Amino acid sequence: TTTLTDYFSQGKNDSEDSGLRFATCQLLWKQINSETEKIQEELNKQLFDNLIHFLRQSHSELQTKKTEWMCRMKSSEIPTAALVLGVNVTDHDMTFKSLSEVLQDNVTPYVVSLQAKECPGIKHLLQKLMGQLMDCNVDVDSSEEEECVNISQKKIRCSMASLSKWYESVTKKTDSETPSKKRTSSSRHWQSPPIVVIFKDMESFTTKVLQDFIVISSQHIREFPLVLIFGIATSPMIIHRLLPHSVSSLLCIELFQSLSCKEHLATVIDKLLLTTQFPFKLSEKVLQVLINIFLYHDFSVQNFIKGFQLSIVEHFYSQPLSVLCCQLLEAKKRVNSLSHNQCENIRSLPSFRRYVESQVSEKQIALLTEDSFLKEVTQTLLEDLHIYHENYFTVLRCLHVFTTSLPKYPLGKQIRELHCACLGKSVWETEEYESAIQLLRMLAKDELVAILQKCAEIFISSSGKQFSNTVEKLEEFLARFQNLEETSEVQDVSVSSQKELQKTTDLYHLQKTLLALKESKRSKKLTKFEMLRFEVVDFIDSLVRSYLAPAEMQTLNEVVYFNTANTLREHLNAAPRIALHTALNNPYCYLKNQTLKSDVGCISNTAPDICIVYKLHLECGRLINLVDWLEAFSTVVTAVEGTDPDAVATDQVDEIIHARFIRAVSELELLGFIKPSKQKTDHVARLTWGGC
Amino acid sequence: MPNFEHPEYPEATLLHLESMVPCRESQVSSLLSIFGERQHFSFPSIFIYGHTSCGKTYVMQTLLETLELPHVFVNCVECFTSRLLLEEILTQLQSLSSEKKHGSHVPCDTFNDFVRLFKQEIITQDLQNQTVYIVLDKAEQLREMEANVLPGFLRLQEMTDRNVTVIFLSEIVWELFRPNTGCLEPFTLYFSDYSIVCRDLKELRHLAALNFTKYCEPVVRGEANERDTRRLWKNIESHLKKAMQTVYLREISSSQWERIQKDDGEPGHLKGLSAHAHVELPYYSKFLLIAAYLASYNPARTDKRFFLKHHGKIKKTNFLKKHEKTSNHLLGPKPFPLDRLLAILYSIVDNKVAPTANIFSQITSLVTLQLLTLVGHDDQLDGPKYKCTVSLDFIRAIARTVNFDIIKYLYDFL
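Going line by line, the protein sequences match chains R and W.
For the first sequence, our numbering gives the first residue as -13, with consecutive numbering after it.
For the second sequence, our numbering gives the first residue as 6, with consecutive numbering after it.
Don't read these hints as lab results, they were simulated from the structure.
Model, not experiment: these values are computed from the prediction.
A virtual CB, placed ideally from N, CA and C, is assigned to each residue, including glycine.
Any given hint could be a false lead.
[Said to hold, decoys possible] In silico SDA-like links for lysine to any residue, alpha-carbon gap of 25 Å or less: (1) W:K390 - R:L609; (2) W:K267 - W:P223; (3) W:K267 - R:F242; (4) R:K248 - W:V380; (5) R:K83 - W:F409; (6) R:K103 - W:V380; (7) W:K207 - R:K248; (8) R:K394 - W:T369; (9) R:K271 - W:D114; (10) R:K151 - W:V178; (11) R:K194 - W:D205; (12) R:K194 - W:T373; (13) R:K194 - W:E151; (14) R:K394 - W:S366; (15) W:K246 - R:P230; (16) W:K357 - R:L673; (17) R:K248 - W:D355; (18) R:K399 - W:F409; (19) R:K103 - W:L132; (20) R:K661 - W:A348; (21) R:K292 - W:T369; (22) R:K194 - W:V178; (23) R:K248 - W:V358; (24) W:K357 - R:A565; (25) R:K248 - W:S366; (26) W:K357 - R:R563; (27) R:K109 - W:E151; (28) W:K143 - W:S31; (29) W:K143 - R:R227; (30) W:K357 - R:Q197; (31) R:K114 - W:V82.
[Unchecked claim] Sample of chain W residues at the chain R side, in silico, Cβ under 10 Å: (32) Q66; (33) T67; (34) Q133; (35) Q146; (36) R148; (37) S258; (38) S259; (39) A280; (40) A282.
Kindly produce the complete structure, drawing on both the sequences and the hints.
Encoded structure:
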């Protein structure tokens, strides 16, 4: 890792605290990574429990060996679990890995995972299958050398018959083991443990391989308990598409469905981003990039987490002050040991400058000149930032409870949408917030009470003590609602007018009554419930205004917020065509050679040949005349080199220029911009459209 | 009076055999006469064919075992290479007379080796004086093996100069087998279906096994006796129908069916496999799939009409070509180049789509998910062509989720 640290320190000229930053980054990622693994484990638990239950059941039926006609019929079917995992194929590897671990811990040592690309034919499939099985046998008793030799021999001759022989010998051996050892093994695995074969990507397997495998193994199902698990990305219909009835009738298929990737993402965001547990934060734009990639492109939670990891690395790498992006106590300690350069870095932060400007002039001078004073202030500011976050997440959750009860979800259904809305700008200034508040003022009483109760729970469970007043206030509201119920009034006025409204059929009269109704409502004194409802909504509004201020407004937010969304987008959502165009059209962008700096539109003579050829070809139509092209190229190149005019006058293209041109054109062909055409002699066809 | 007459075997054995093979008496008796006596030379090869589960394997196995004829029974699906097949035959041959259950492994690479080893083995097993039967089940697999395997087996008697008969069991007719060279016509024998109604005995047995307890219920309760078939049928009819729609099609598994029966509940709450047809896709994948569908089912000429803003008034009849009068949906999806897919994509998505690497990898993902297929070789990088393989219902469901009225863009529904 020394090279990594070196890279971290070499990367920027401003290599302040690079070692410490690197260590902090590593530590933070380690914590986050273990948290994500924990989340994954919890989310999969239900699915895995169901699967184990299924395995246990299918297995017991095989084991009882009833001679009854029915059981014999059924036992000739291979128990199969169709596991629908969703289209986020990149996430499946993790799931399968933990699935086989869980199965190996609880059910059977004989778990085989197969991938379509490893099994182009039935022979490869069996080879892979037996290879993995024999390996896990070696794991069980690695002491016996001769057994291993035997295995390698069998491996060459992979047939189902030898597999069932192997199974027989393996289970017999465990039976004859010493009783003490047997007890330990049976506590983990069942007796005569099933062989579980996992087809990771069902869709990619060829029908022939699957069919052959199922037909062959169904003939040996009584010799060893085989269970299949089909990993399905699309829908279970694929089974019917891949297997004809004669083959699927050999299976006893049950369906299992994993949690949808969207729910998975919601949990990940909830546990990683909407918490004060980790000091590192994403700005609205960065979060939007990551979420967009997820929703628009791949549905992959793994990729989301990878993007998050990249943000962390990028943040600690590019922001010298990220050294303070750690737990509050540690950060305060680190502030004391900041160098003068780092103090200057703090002073140049936009958010800090804003803060300085708002102070009185003596304090301004002290902040800008005295490092020790600056450090003191920084410590309090960091604490403020921490408190801001604590409050922010609590109030955000509370507001989310309100907004999810609204029709059409003006502020979004998911909490992540609300979070993005609040992070970027002052949410109370948006139209969506306005309409949400309007809708809140129309909530029914029982709904409102339920929401208030939920909010009270959120505030109580939050760690911050500053919400004790809020909780009191909420409880007071709830009590008042309770009182209302007891002294409820009959609202005869509105009821009668409502009836009138139903009676009228004529448009003119309807309009009139509506107007009258509106007038009366405006003038009418609000009922007690309505007044209380207004009060509640105003209270929530005040909470939002005081606690959900955008992160950018917070002083020192640059320390913990990563906000260069562009860098992230360039890395995660690369556009190769655009990059290629940029490279050819504006070589300065990548080569950074001053002589290449030129205006758009004109063709620089110092540019690489391929760039000149590319720019010239942009001006052509679908077919390009090679002779014209060569002449244009020659003109550009000679104009650069300033060769004597005689050569140009001879109208003879220099041989070297000719060769350079041919090389550039063939490079362009290699890149896929042009191809030879048979439509016209001496012409090539353009494969792209558009020009400068 | 037994149906089968044969001087070689005792009457009791023949009677027992008859009881074992109902409805296959004529086939068995012709087989018996072909086999002749133990030491007789028989046909070099016999080819038996018939539909799935019409008793080919069962009859052969019962026949050979009851009469205690020396035989080898191999499944050609299981022995998927010629080497495995030949070795399996030799291994089984070894254990014919000897005590041990499994013979030791005999390496055998070529048919030539096989003939030599086979001759040796017949002598060591002392089988010269009786016919040895080699039954090759699922013989259609032999066609996939080396060209010499099938003719070799057809002429095994001739090549080994031993008393051996090879029996092929297959679901397809001999005409689809006949090799180009070295063919010796086998004796062919057809096993007809057990009845006109039953096409698959195994399935019938499966369904009967699953529903028999339900069928017996009135008898157990004392509401009907065993002979009261009418009443029993009435009781089971609706139930069987349900089973035909679910278990038979493997929509739900047999154990799930049993559980439902035990709880006496309706299978309504348990959805079959086909009920989960919905596939959740990322936003752009949905549009890519829609674009692919449009490209597959619309003639390329009509793209102008659908995707250009000012296409002018083109009536369907004006640009209808003769062969296009038939529905494109009846003809199935047509291949389209990548460029066309992207061009349609750009015009149907409201906001601007950058041609990022993610978009291209999404196309590949759709191919791995079998929603698109790559036409031609997958190593062709230059101008790949695709086909959209999803159904109209599927694409309509997808289009609905993104508020895209796909019917308006389909040439067939113009």
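Q. Is the straight-line distance between the alpha-carbon of K661 of chain R and that of A348 of chain W 25 Å or less?
A. holds (20 Å)
Q | Given hint S259 of chain W near chain R, where the shortest CB pair must fall under 10 Å | A | Holds, because the Cβ-Cβ distance from S259 of chain W to chain R comes to roughly 5 Å (cut-off 10 Å).
Q.
Next pair to validate is K246 of chain W with P230 of chain R; report whether the Cα-Cα distance is within 25 Å.
A. holds (21 Å)
Q. Holds or violated: are the alpha carbons of K390 of chain W and L609 of chain R at most 25 Å from each other?
A. holds (23 Å)
Q. Does the alpha-carbon distance linking K109 of chain R and E151 of chain W stay inside the 25 Å limit?
A. holds (16 Å)
Q. K194 of chain R and V178 of chain W: Cα distance at most 25 Å?
A. With Cα atoms ~21 Å apart, K194 of chain R and V178 of chain W stay inside 25 Å; holds.
(Q) Run the distance test for K248 of chain R versus V380 of chain W: straight-line Cα separation, threshold 25 Å. (A) violated (33 Å)
Q) Quick one, are K394 of chain R and T369 of chain W close enough, alpha carbons at most 25 Å? A) Not satisfied, since the Cα-Cα distance of roughly 35 Å exceeds 25 Å.
Q: Against chain R, run the beta carbon of A280 of chain W and see if the smallest gap drops under 10 Å.
A: This hint holds: A280 of chain W lies near chain R, its Cβ roughly 9 Å from the closest one there, short of 10 Å.
Q.
For a C-alpha distance cap of 25 Å, please report whether K83 of chain R and F409 of chain W respect it.
A. violated (39 Å)
Q. Does A565 of chain R lie within 25 Å of K357 of chain W when you go C-alpha to C-alpha?
A. Cα-Cα ~17 Å, so holds.
(Q) K114 of chain R and V82 of chain W were given as a pair; does the straight-line alpha-carbon distance stay at or below 25 Å? (A) Satisfied, since the Cα-Cα distance of roughly 18 Å is no more than 25 Å.
Going down the numbered hints, you'll see the structure goes against 4, 5, 7, 8, 9, 10, 14, 19, 30, 32, 33, 34 and 36, while the others check out.
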